[in-house]
Structures are given as structure tokens and as C-alpha cells.
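There are 2 protein chains.
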Amino acid sequence: MNTKTPLRICIIGSGNVATHFTRVFHCAGHYIAQVYSRNADHARRLAEETEAEAISGMEVIDRTCDLYLFSIKDDALPSLAAQMPETSGLWVHTAGSISIDILTAHHERSGVIYPLQTLSRSRDIDFSTVPLYIEGNTRETEKELVALASEMSRYVYVCNSLQRAALHLSAAFACNFTNYMYDVAEQLLEEYNLPARSLEPLIAETTAKYAHMRAVDAQTGPAARGDRQTMDKHLKLLEDHPELQTIYRTLSEAIEKRQNNYKKEKRHE
Amino acid sequence: MNTKTPLRICIIGSGNVATHFTRVFHCAGHYIAQVYSRNADHARRLAEETEAEAISGMEVIDRTCDLYLFSIKDDALPSLAAQMPETSGLWVHTAGSISIDILTAHHERSGVIYPLQTLSRSRDIDFSTVPLYIEGNTRETEKELVALASEMSRYVYVCNSLQRAALHLSAAFACNFTNYMYDVAEQLLEEYNLPARSLEPLIAETTAKYAHMRAVDAQTGPAARGDRQTMDKHLKLLEDHPELQTIYRTLSEAIEKRQNNYKKEKRHE
Numbered sequence: 001m002n003t004k005t006p007l008r009i010c011i012i013g014s015g016n017v018a019t020h021f022t023r024v025f026h027c028a029g030h031y032i033a034q035v036y037s038r039n040a041d042h043a044r045r046l047a048e049e050t051e052a053e054a055i056s057g058m059e060v061i062d063r064t065c066d067l068y069l070f071s072i073k074d075d076a077l078p079s080l081a082a083q084m085p086e087t088s089g090l091w092v093h094t095a096g097s098i099s100i101d102i103l104t105a106h107h108e109r110s111g112v113i114y115p116l117q118t119l120s121r122s123r124d125i126d127f128s129t130v131p132l133y134i135e136g137n138t139r140e141t142e143k144e145l146v147a148l149a150s151e152m153s154r155y156v157y158v159c160n161s162l163q164r165a166a167l168h169l170s171a172a173f174a175c176n177f178t179n180y181m182y183d184v185a186e187q188l189l190e191e192y193n194l195p196a197r198s199l200e201p202l203i204a205e206t207t208a209k210y211a212h213m214r215a216v217d218a219q220t221g222p223a224a225r226g227d228r229q230t231m232d233k234h235l236k237l238l239e240d241h242p243e244l245q246t247i248y249r250t251l252s253e254a255i256e257k258r259q260n261n262y263k264k265e266k267r268h269e
Numbered sequence: 001m002n003t004k005t006p007l008r009i010c011i012i013g014s015g016n017v018a019t020h021f022t023r024v025f026h027c028a029g030h031y032i033a034q035v036y037s038r039n040a041d042h043a044r045r046l047a048e049e050t051e052a053e054a055i056s057g058m059e060v061i062d063r064t065c066d067l068y069l070f071s072i073k074d075d076a077l078p079s080l081a082a083q084m085p086e087t088s089g090l091w092v093h094t095a096g097s098i099s100i101d102i103l104t105a106h107h108e109r110s111g112v113i114y115p116l117q118t119l120s121r122s123r124d125i126d127f128s129t130v131p132l133y134i135e136g137n138t139r140e141t142e143k144e145l146v147a148l149a150s151e152m153s154r155y156v157y158v159c160n161s162l163q164r165a166a167l168h169l170s171a172a173f174a175c176n177f178t179n180y181m182y183d184v185a186e187q188l189l190e191e192y193n194l195p196a197r198s199l200e201p202l203i204a205e206t207t208a209k210y211a212h213m214r215a216v217d218a219q220t221g222p223a224a225r226g227d228r229q230t231m232d233k234h235l236k237l238l239e240d241h242p243e244l245q246t247i248y249r250t251l252s253e254a255i256e257k258r259q260n261n262y263k264k265e266k267r268h269e
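Quick note, the sequences are listed as chains A and B, same order.
Each residue of the first sequence is one higher than the last, beginning at 1 in the UniProt record's numbering.
Each residue of the second sequence is one higher than the last, beginning at 1 in the UniProt record's numbering.
Check the hints yourself; a few may be wrong.
You can't tell identical chains apart in this list, so a pair holds if it fits in one copy or across any two.
In the BS3-like style, the derived pairs of lysine-lysine whose C-alpha atoms are separated by at most 25 Å in a straight line are [to be verified]: (1) 266 <-> 73; (2) 73 <-> 264; (3) 257 <-> 236; (4) 143 <-> 233; (5) 257 <-> 73; (6) 233 <-> 266; (7) 233 <-> 264; (8) 236 <-> 266; (9) 73 <-> 263; (10) 73 <-> 236; (11) 263 <-> 143; (12) 233 <-> 73; (13) 263 <-> 236; (14) 143 <-> 266; (15) 236 <-> 143.
Keep in mind that the hints were calculated from the coordinates and are not lab data.
If we strip away everything but chain A, and leave its shape as in the complex, we get (with noise of 0.2 Å):
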């Protein structure tokens, strides 16, 4: 594989990472020659932005591709990567929590480019900032996947397969935890009459402390300081919510815990 000369890609998937990586091998300049979902509309829709061939079935996969891109839901790699045709080419998927291994297993050459980034269909990102995790299944392989993910980002990293795993495990936290937070703020302000963006310099300053401080330091708040009325008054607040509560509990008895031992070990250092 010359990452040099145009590659032919076969994008397999259409959702939100599928979309994202069509856009930029088609920008960069390679040719997508077909994008495959089970869903034939999800597979035009895609492969229309792209002048792709659209498929629905495994069977008519074109097996000249330089490149396989899995990319679907986690839960259908091993059945479909195990379908899947012989073919030449390089097969990659973009899985955090995946191992290389489910394509190894039926196929030569395969690695994995892994996005680690919230990417959503309806949302522009400049990809050239997204940071990409390969792996290869030989140094050969590893090779070509840096170079060619070296055109797309500036931010390429290489790791194994059980790194990658706890990344995707820490971005749960981080972003996907992290994002729900905000949905709860905004379903409370709006329940109180309160203005929607009310929240935004406090969400703005919680992610600016975290490019200058460890989380650890930064952490503020009733749980924090151990403040238990407060907490009572807002698991009163939260009375019609019992679902709610048990988040406010669960997370706010951790805080108290972490703060704890973390302030422990410093006095003993």
C-alpha cells in the first residue's frame, strides 16, 4: 500500500464514525469505491456524498479494495468481520473497546484506527486534531496504518489493544458520563424555569481547570467538602427524581471518599 497514489476504500458502515471517515479519505483524495449497510437507505445516503456505490449485502463486496474500514456498532464486528469475503487489502477497524484479533483471526492484514473523539454526524470537526490509535497486526502493517492515518491527523499515536480498551473506558467517563451531567443540568433548569445557557461559563471554567490542574485538585462542591446538609437539601430537590437521587448519591458518596484518601495520602507525603 502507497499512501502516496489514491487508495480504494470499502466503508463498511454508515453511522456516525463510518460518516466521518468517508468524508476525510474522500477529501484527502482516495477513491471510496463502496460504502456497505445492512440498511440500504443508510448506505445511500452516505454513499451519495461521496459518489460511492451503495450495497446491503456482504455478498457483493468488491474484493479489489486496498482497505476494509469496520466501522459499526461494536457488537456486530464479530459476526460480520467472520461473513466477510476473502479479499487482498488491508482490514482495519475503528473500535476502542475491540480487539485486533477479531480481524486477525480471518484476515492477514489488519490493524485498527481508533478515533479518539465524540463524533457526531450532524456536527463538522476538523479531523486533523482528532488523535488516532493504531495498531497493526505486524510492524509492516502498523507502518502503513501510521502513514496513512498520518495524512488525516496530526495527533497519531501507536498502542495495543488493551491500552486502547482502557482509553475507550476513560472516555466513557470523560465524555460520554460527562455529557449526560450536562443533560441532567438541563433538564433541571428547565423544570425551574431557569434559563437554558445558564450553566455555560460554569461548564467553560470546569474544562479550562482541567488543561491546568489534575482533576483531583480541582474538584469543588458540597460532596467535596463533605458538606452533608447541602446534599440533603439536594436530594430533597430531587424528591420527583428517584432516579436522580440514586446518581447524586452514588457519585457524591465517591467525591467524599476520593477527597478523603486523596487528602490522606498527601499528608503522608
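Got chain A sorted already, so can you dock chain B onto it with the hints?
Coordinates of chain B only, in the frame set by chain A:
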């Protein structure tokens, strides 16, 4: 109270919020007469910054101040307000979750200036961008406090005690819990020997998304997709952290339910 002539101010408290208010009052040309803290060292440390008198007993409070700013732990506020000697001047607290009544019960002219921001002593912040939520026990007091707050910040709002409590609660979700998610992610990166700053682009984009779309629409990740297999893998990676498993399960279930309900709502629209 004429906000054009410098005020004599007594600061009651020496924590993060008291520190920021002391500095900003001082910079605005007001006169910090005293800083009270039960802990004499803490009082001294903050008083020195503004050439104020440090006191650690309520009985030596200067009764001639124009403004007494109560900025102490929420659970200490009721008893301290009760112990406070009679004074003229305005009594103001800065607590999100505490009703104005805690002051009006003991003093005629009372109010609240609640800064909706995460303030750490060690981190400078441009106070003119901190949203200040005002309440006064009379229209007159409210007007005075709005004028004073407007000297310090460009974002001054009036809200009642219940709305302020809801703001404070939503801030716990959007800031304190969010920051704890960052802390967990940092712990995981360390455990798996990954660079501490790996998640910075992800966290930046999660926040950037918040400024442009509703959090419920921005939600990504295995829980949002209902991808049980990935969630099980994450739980397995957390085997040695039963508390983090509980948090992971609680939040994932909440996200899955929220996304299912939201999709149903959208279909019926």
C-alpha cells in the same frame, strides 16, 4: 449604601469563595476592614492580602461596616448568623442552596450574591465573567446588591431562593460530578500507563458540543447505543474497582433509559 463611595466590608469566611470576593472587592476600591475565620491562621493569610484585620472571634466584629459577607461552609451558616452581633450594614451570603431567610431571621437588611462558578483559591479567574445571582429581602436591598454586583461582573441576574437552589443543584451535576468523571478518567489513564493528557481533545470537544447542541442530542457512546457487549467489557476492565463499576452501571442505565425515552418522544412529535 452608595456604591460610588468605597464600602467598609467585613468578610466572614476564608475559603475559596471568600478569597475571590475579598480580592475583587479590594480591587474595586472597597475597604476590607476585617476577615473573620474560626481558624486564626486562615483569617490572617487572607487578611494580609488586603491589609485587613484578621479576627477569629465574633465578639470583635467591627459593627460599623457597610457590608458583611458571609462566605462559609453552608452547614456553618445558620449557627454563625445566629451568633452574629447586631450591626447596621447589609448582611449578604454567597451560598447557592441556602434561603435568604437564614439572614432575614436575624437582620433587617439582608441578601444573597451567589456566584455560579467553580472557584479555587489557587486559580485566578476573570471575575467580570462570573454570573452573579442576586436576591434581596426588599426591592431596595435588591437594587443595592445589583448595583454592587454590577461593579464586579458583567453577568448579574435576580432570582429567588428556590431557583437559586435549583441552579446550585444543576451546578453539582454540570461541574462537580463532571470534574469527578475527569478524575476517574485520569486514574484509569495512569493505571494503564497512558499519557495523562490523552483525553484533552475529547473533553474540549464534549464542552464545545454543549455550546452548540442540546446535551441529549450530543450523547454518544455504548450506553446511548444500548451496546451491552461493550458495556460488559468496560465493567470487566473495572473488576478491581467495584465502586467505579457501580457508577458505570448506574450512569449507563440512566443514559440508555433517557435516550430510549427521548427517541420515543421524538417519534411522537
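Discussion item. I'd like to know which numbered hints this structure contradicts. Please list them from smallest to largest.
Written reply: 4, 6, 7, 8, 11, 13, 14 and 15
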